[in-house]
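There are 2 protein chains.
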Amino acid sequence: MGWKKLGSEELHRGRFLSLRRDQVVRPDGSTGTYEHVSVHDTVRVVALDTRGRVLLVEDDFYLQGRRMLHLPGGSTDGQTAAVAGQRELAEETGLVAEHLEHLTTLDPMPGITAARLHLVVATGLTPVANVVGRDATEIGMTAAWWPTSEAVAAVRAGRITEAGSVAGLLLAVQRSSTS
Amino acid sequence: MGWKKLGSEELHRGRFLSLRRDQVVRPDGSTGTYEHVSVHDTVRVVALDTRGRVLLVEDDFYLQGRRMLHLPGGSTDGQTAAVAGQRELAEETGLVAEHLEHLTTLDPMPGITAARLHLVVATGLTPVANVVGRDATEIGMTAAWWPTSEAVAAVRAGRITEAGSVAGLLLAVQRSSTS
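Protein sequences, first through last, are from chains A and B.
Going letter by letter, the first sequence gives residues 1 to 179 in this note's numbering.
Going letter by letter, the second sequence gives residues 1001 to 1179 in this note's numbering.
Check before you lean on any hint, since a few could be wrong.
[Said to hold, decoys possible] The calculated SDA-like cross-link candidates involving lysine to any residue, where the alpha carbons are at most 25 Å apart (straight line), are: (1) A:Lys-4 to B:Arg-1015; (2) A:Lys-4 to A:Arg-15; (3) A:Lys-5 to B:Gly-1065; (4) A:Lys-4 to B:Phe-1016; (5) B:Lys-1004 to A:Asp-60; (6) A:Lys-4 to A:Gly-111.
[Stated by the list, open to error] Pulled a few chain A residues facing chain B out of the computed Cβ check, cut under 8 Å: (7) Leu-63; (8) Leu-106; (9) Asp-107; (10) Pro-110; (11) Thr-161; (12) Leu-170.
It is worth saying that the hints were derived from the structure and are not from the lab.
Even glycine gets a Cβ: it sits at the ideal position worked out from N, Cα and C.
Modelling step: build the complete structure from the supplied sequences, incorporating the hints.
In structure tokens, the structure reads:
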């Protein structure tokens, strides 16, 4: 590793994200600072039924100022990807998965945060016994089953843009077509 | 849109990233704050030769504490994706592309930043006339041509984890196999 950390200070601590500034030695030997964001990992769930369909949800994203179509998921809140994936699936779609399988783990913005993005495949879906409440940001969310070919077409058409949803859909489809 | 912005304040302004706190009305009508990061968009370049190979680079990532294999690219520094893509390609691989085509644009972490991730396909590659210097963070970077099938296998094996590289490789391969 060409980088060295000399020290670190917290510039801001928020409820969901914090900002730090590290003193570093860069790969070329020069010294400087590196500011980065601390935030919980994210999980996205590729929920598949037995008819080759995948579950997509849609809700309003504040920073983008528009509705976004994406795989169920959200912040892990510090939980494991499996526990957080089941929680988000229940909250957003009312379903619980019998099987959860780790697909891969991505680095969504490795230049600004060490936070990771976990992709899991969920199968054996049944309605949850107890209705779980959505949080204040998820009111108005809708969920629907999509044929996987149509979901991939939506990725290619630029209708699905959230990085984890794009990677999760393409990887799951690619895997099923070659297994 | 279920969200409303009531106001905004800057909590920190850094050289590469800034942190803001907005006063918002959430989709359920409650009021609160929303902290988010401002940073330039990123571009990743799927550089393809005429023999079905793709260019991958590898260098040390500070926050991950490891070398990462990824598509050439980096911050747009406020430039267009095409201009920034050519710049990063030249800096990181010594090549210039005759054709640059927009593949898609992703939202890498839409919950914490509006910054986008542009994916472009580069073809017609030739060595740059004038050698361009790498920046201080890119010393030790290596570049190599990979058969696209091996690059996809590296994604599936978890060896390529940067979200833009994963999505760019899978989309470009998927497109070429169905066109």
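Violations among the numbered hints: Those not satisfied come down to hint 2.
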